[in-house]
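A.B. asks: Chains as they are written, first to last, in this note's numbering: chain A, 553 to 771; chain B, -6 to 117.
None of these hints come from the bench; they were simulated from the model. Certain hints may be false.
As the list claims (entries may be wrong) - Simulated crosslink set (DSSO-like; lysine-lysine; CA at most 27 Å straight-line):
1) A:K677 x B:K11
2) B:K80 x B:K11
3) A:K689 x A:K594
4) B:K39 x A:K594
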Amino acid sequence: MSDSYCLIIDAAPSLSAADFRWSGGIAVGLSLLFALIEIPTKSKSQLRACLVGESIFYWLVLSFGNVVTTLLASLTVVKLPAVLTPYFPVLTAFFGVFGFEIVLKNTNITIFDKGVLTIQNWIDKAANVAVAAAIRKQEDINQQEEEVLVEELMLLSEIEINTRVLDKMGANAVGELEAAAQASSADLKRYKIFQLVATLDRSERVALLRNKRHRGSTP
Amino acid sequence: MNMDPSVVTLLLTNGVIKQVFSEVLKRRRVQLKDLRESLVKTPEFKPLLTVHRNLGQTPEEASATIREQAAEPAVQEQVEAAVQKLKGAKLIEERAASIKDFNTYYVTEDGLNAERELRLATTL
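Turn these sequences into a full structure, and let the hints guide you.
C.D. replies: Structural data, given as structure tokens:
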């Protein structure tokens, strides 16, 4: 009885240094995945607009938090049945990363008994920096695209523009847009084109930009 | 770390500015004409309107009325004054287009932090 008890203790699983490295690596990878989902979602921007230095900083801050909580989670994971030992690195990272919010929301950094900032605040602020940078970058991308699209559409005749406005915006749109442009002393054709570009969906924009590139490459 | 008290006052005491900021915040980026068209549907802008929507309007007629309301001088004036105030407080930034109606306003890092702090403040 006593022997078998000792055998169980000896066989109790624990994370090796290699398992810790795996867990840390998985936590960093999951942090990257989170950042790649969170920043485009919060900034309502394309993924390419989110590939900025600020996003890397956010990923690093998030990874640091996730690696720390992964190490903490390992203390619990080793108590799971021994049959799960091969999966401990994955489970540790999983519990660490998904338990991250719960752990950090309840962790305060205090100096001389005064709360400075919760770690969650730091991460939220890093996220805001990354989101704001992505929004700005998306604006730059949009501006460049719109300039190209407006110049592309300016090549068309006024009749062609009116037809596209009619098709896209309905029967009274041409008259209304012309009246609005006149009220603002704006260029009628350009005003209609700006309006048209604003209503184009992603696939239509891509098609127009492709046409422009195709024409540019044709001698 | 904490928000400028004048920004807090600006957002908490002026309904029109608060509504304009909420709209930019919600969409992240918005053109001036779209901003006006969204705002005329809110209660804050109702007193400014001279053109009113009818219940029996078709969707096309309703859209035309909204465009007409958005073009009213009082609405234009209020929205432009609000975006200038928000720009001054660095909560939003402007990307100018060659036609003013197509200027884009987008939220800044300060704007996102302000939203977070005000949200935290209101949940306390």
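A.B. asks: For the pair we were handed, K689 of chain A and K594 of chain A, check the Cα-Cα distance against 27 Å.
C.D. replies: The given pair, whose Cα atoms are some 14 Å apart, holds under the 27 Å limit.
A.B. asks: Are the Cα positions of K39 of chain B and K594 of chain A separated by 27 Å at most?
C.D. replies: violated, 31 Å
A.B. asks: Is it true that the CA of K677 of chain A sits at most 27 Å from the CA of K11 of chain B?
C.D. replies: holds, 22 Å
A.B. asks: Verify the proposed pairing of K80 of chain B with K11 of chain B, using a straight-line Cα cut of 27 Å.
C.D. replies: holds, 13 Å
The structure shown violates just one earlier hint, number 4.
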